[in-house]
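4 protein chains.
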Amino acid sequence: MIIVMQKGAGEREINLVIEKIKTAGLDVHLSRGEERTIIGVIGDKTRVDADEIRAVAGVEKIMHVTAAYKRASRDFHPDNTVINIGPLSLGGNKVSVIAGPCAVESRDQLLDAARNVKRLGAVALRGGAFKPRTNPYSFQGLAEKGLELLAEAREATGLPVVTELMSEKDIEMVAKYADVLQIGARNMQNFILLKDAGQTGKPILLKRGMSSTLEEFLLAAEYILAQGNSQIILCERGIRTFEDYARNTLALSVVPVIKKVSHLPIIADPSHGTGRSDLVIPMSRAAIAVGADGLIVEVHPNPEKALVDGPQSLNFEQFGELMKEIKPIAKVIGREV
Amino acid sequence: MIIVMQKGAGEREINLVIEKIKTAGLDVHLSRGEERTIIGVIGDKTRVDADEIRAVAGVEKIMHVTAAYKRASRDFHPDNTVINIGPLSLGGNKVSVIAGPCAVESRDQLLDAARNVKRLGAVALRGGAFKPRTNPYSFQGLAEKGLELLAEAREATGLPVVTELMSEKDIEMVAKYADVLQIGARNMQNFILLKDAGQTGKPILLKRGMSSTLEEFLLAAEYILAQGNSQIILCERGIRTFEDYARNTLALSVVPVIKKVSHLPIIADPSHGTGRSDLVIPMSRAAIAVGADGLIVEVHPNPEKALVDGPQSLNFEQFGELMKEIKPIAKVIGREV
Amino acid sequence: MIIVMQKGAGEREINLVIEKIKTAGLDVHLSRGEERTIIGVIGDKTRVDADEIRAVAGVEKIMHVTAAYKRASRDFHPDNTVINIGPLSLGGNKVSVIAGPCAVESRDQLLDAARNVKRLGAVALRGGAFKPRTNPYSFQGLAEKGLELLAEAREATGLPVVTELMSEKDIEMVAKYADVLQIGARNMQNFILLKDAGQTGKPILLKRGMSSTLEEFLLAAEYILAQGNSQIILCERGIRTFEDYARNTLALSVVPVIKKVSHLPIIADPSHGTGRSDLVIPMSRAAIAVGADGLIVEVHPNPEKALVDGPQSLNFEQFGELMKEIKPIAKVIGREV
Amino acid sequence: MIIVMQKGAGEREINLVIEKIKTAGLDVHLSRGEERTIIGVIGDKTRVDADEIRAVAGVEKIMHVTAAYKRASRDFHPDNTVINIGPLSLGGNKVSVIAGPCAVESRDQLLDAARNVKRLGAVALRGGAFKPRTNPYSFQGLAEKGLELLAEAREATGLPVVTELMSEKDIEMVAKYADVLQIGARNMQNFILLKDAGQTGKPILLKRGMSSTLEEFLLAAEYILAQGNSQIILCERGIRTFEDYARNTLALSVVPVIKKVSHLPIIADPSHGTGRSDLVIPMSRAAIAVGADGLIVEVHPNPEKALVDGPQSLNFEQFGELMKEIKPIAKVIGREV
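Chains as they are written, first to last, in this note's numbering: chain A, 139 to 475; chain B, 139 to 475; chain C, 139 to 475; chain D, 139 to 475.
One chain only, chain A, in its complex shape (with noise of 0.2 Å):
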């Protein structure tokens, strides 16, 4: 961390900061110019908190030197973390597919749409128990029976459940019945929810915040690693913007600096990072060519039916489109669906 002091900074202001951080165990290499003195934190691998600095009077500016995750680093972890769960494999040379229904509705919807996603290459299945509806009159998922059914699917066709966990006190029934616990874009800084999922030890799938800054979406990351839980699927699902052609502005770039500043996996969601069925398939294509290690997208057997996200669920023959059209572009990039 490098802190400059402001031109007219007194002796007290700097003589306080260096015994905050002198307090935290670090040294400081103190420059002093001709306008203003510049202070050097020496060691700050645990990081000082840079607000406890910047309250001090005479504070102009901080800059980091080093980022504020650890765990979530590729500095503290060299090599890819690889997530291997039955046939769904990410962080390696695999792109893996998870798709399914947004949420689920029903015996017949759910088995027919795992029997088909796994038939067009699929390797796990996604579908929602519980939902975070915006609006409090809208559908909120079938529950634990929603859950039982996803048992249910996973027993006829073998593909592992990625489901959605809302809230702390379910985490017992979700880790249950779920293969992989999700935690939504809404969620991505309850940092209790964070925690407890973390120490299930189950793998989780972490949606990026819709206005959450790469940092802050590593540091979330990092909430469920300081539980000693390193299996976790990061997840690119579109920010808010000033757009309106779509729900979301589906992000790519930052797949490649993930790839590059942390081990974890990251896959993409073209469902809910344009909001339409029509930009899902080219969105999907993007996505393996930047570089995703895989995709969660939604499939349902009958969209215009379905309850929840309907306008930007594929049906099967879509889903069948997507998967022809991302393997060759897999291979020429080295990789392979």
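The hints are simulated quantities; they were obtained by calculation from the structure and are not laboratory data. These numbers were taken from a predicted model, which means no experiment stands behind them. Careful, some of the hints might be misleading.
Note that the list lumps identical chains together, so a pair holds whenever it fits in one copy or between two copies.
[Stated by the list, open to error] DSS-like cross-link-like pairs, simulated, lysine-lysine; straight-line CA separation at most 25 Å: (1) Lys145 <-> Lys199; (2) Lys462 <-> Lys398; (3) Lys160 <-> Lys443; (4) Lys307 <-> Lys283; (5) Lys443 <-> Lys145; (6) Lys283 <-> Lys314.
Add chains B, C and D to chain A, keeping to what the hints say.
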């Protein structure tokens, strides 16, 4: 709701839309133009889920005529909801200021802060016992010990206590000590927490999410209202934009809009809304001038030593100045601090 | 256009709206519901100005049924507009890459760049003689000297030249030397420049503004089209968001949307779209995979010595790698570089 | 400027950075840590171009110690710049209101508006003769005829005239009639227009671009200042965000920040900043309370009949109310309207 079908939309699609609306118990008004068919929904008080309709092939656009929130709307409840908790009064003619440290750090710090903000005109005490921190290695709050200190400060000063609730598991504990449960920006769409907090019947201070639209904000309030709890204090605390000179962009125009469309009181948080103590006083003046029902302000006996959010905290002298400056502004718009 | 009146709107307001529409030579379809009156505009091909209607007291909402742009829409011109300039071909099956330095700096630099990008597969040369610089004290370009060098490089390589036009005063000069006039993101709504450039009849590369919506982008193109010039190459170059790991957020989903609603070709600029040379290759792959008609890429003989935009420029080796990587991706989606 | 090199950066890279700095005539301060080398630039008054440095392999981060703008900074010119044009005074103790129609539509409309805004307290007249319209088919202004009418209105009322300049070609013409040249948000980075307008020596009202940072805004002003013209009125007119209840998000916190870092006066435009006439009065109160030096407000004899921006225009009665409400607010913060 008005549904515009695409140019080439056929009878199958039109009938599918009509069927969905009728299934929801509503009537349609069909208008077949030369190029497009337009379907109006009659009696959409309970509103069909727009996504269900949008998923039908051939639907081009949907326009909502009525808002998605109901109990939060002024149509539903024409008079202002007024919340009175001891000296704190929001939604009426009075402008109330809630003040205190970001985090409860110690008995001395809290009591000192409480006595001084009271002396200077605050009518409620804020202070976090559970702190949502971006970084898992930052100070996370004193937990129940912090709540006990808050209760002690209430005893000592008579100020009602506003404190953040981060987890469903803690509701009982927090509700035992607090007068107002705060739900932070990061949890604005933690729907389980909204429901559970709503059911306590306690007044709730609901902060707007960092990238939340007006409708999403009021639908979050609707989750609480749907539990039969209308003791809700809305709070604008800044949105995330590309701006880089302040931590957030305090969007004050939301205040008069909320006063127009909703009956709920709305206050502003100039501390989080700017992240800079030098902007807190001018933005407080602006918030009162625009018509906010109150403020929530971070005040610390010694911001330079604060464990959390020091850079945006005022000391007592600055808070006294703030109170002095907002009083005449409240007066000229016919209100009273 | 569909106009929804407020609940209490009276006859005066309704009649005023109807009068405005009829004055514009259009017909209305009136639908009086129990609570609200809804007015449909029939035959809105030329579209009344929505603002004129919105200004009437009692108007609550307006929904557009048809787009505001006409000549830019695929409805107006169902087939792709194909632009052919020597080896450069955009809008057909071919994927074309435009490459070269950000700014023309010297004869050696430019000729070296031109020869090498040609050798590696580029079909047009980019290079700025006039540079829009945020800082008035930064290098502003070589002006006419730069244009002369571009013409010389075209002579030497056969590559058509794309260069930025910043001022109406320079149109004649720039048009004399350039094959394609580029209008930069900062000038996307410099309407006079759009008109004047359009009148030259020269092909125009129009970059999307940093905070421009889809409709604003196509309406900017419409300014050019309205001059009788349909030789327009649209270019997505990144939008401004809260993201901080890259200079801009390259919004690739706009590509398939533009291909759907418009007949104009669209390319991507991964150099400005990310601002980081390490992201240019992966985002180029993604842009081709999503369906862009081409790329415009910054390539410099020695990026470390570039006067402008060095951090986002590729060297020849990297550009060769880019070309090598996008070819098979173009092929698998049925296109050819 | 402080440059942090990457962990593994070698001598070649470090020396290349040092060479670039020394070539620019500046000195370096080298600090070799265990892991990283940090290079400080001494005497960076004229600032090396950060991009040139960032392009060097091995550079990780750059932090600016001083701002990129100079003449616009308060360091350069500690006292407020005060602009006096007849009754209009900005930058001193007075709060000035500029008012008038969005566009000049006719002699009657303009004279009626001018006389009434004067009667109600405005000290300058606004009105567009050239209108930057998103849609090429919308009314584009009366051009020179409009300028003549503005001059006539000045004769009739004594109010100085503020009007928009859209093109370098029109500078002479506009400068002949106008007292203040307005450069609109869409042209904030039309650098040629900034330079040419600056050279007229006329006062310039510079609106902040829709997605412009503070530094970009002040660097745009710097383009004008670099021509020797310091008669600049900055104007916050709303930024583009995801918010959808208003046309823009009026970012009032920029006002106290500008007052701190710059000597130039800053006013607010609540009309464009909200796009809704019902928000103009409350946001005007807030703008004055936050410390703006003035307002620019759209007022039309009959907003329902306005050709441009009717929805955000006030009628005379509303404008009278606005003036009545801001006066006591100005007074309580020690200023005078």
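Verification of the hints:
For the identical chains of this complex, Lys145 and Lys199 are neighbours both inside a copy (11 Å) and across copies (22 Å), given an alpha-carbon limit of 25 Å. Taking the shortest alpha-carbon separations for Lys462 and Lys398, only the inter-copy value of 22 Å comes in at or below 25 Å, while the best intra-copy value is 28 Å. Taking the shortest Cα distances, Lys160 and Lys443 sit within 25 Å of each other only across copies (14 Å), while inside one copy they are farther apart (63 Å). For the homomeric pair Lys307 and Lys283, the shortest alpha-carbon distances inside one copy (16 Å) and between copies (23 Å) are both at most 25 Å.
For the identical chains of this complex, Lys443 and Lys145 are inter-copy neighbours only, at 22 Å across copies versus 65 Å inside a copy, given an alpha-carbon limit of 25 Å. Taking CA atoms no more than 25 Å apart as the test, Lys283 paired with Lys314 passes inside one copy only; the shortest distance there is 13 Å, against 34 Å between copies.
Every hint from the earlier list agrees with this structure, and none is contradicted.
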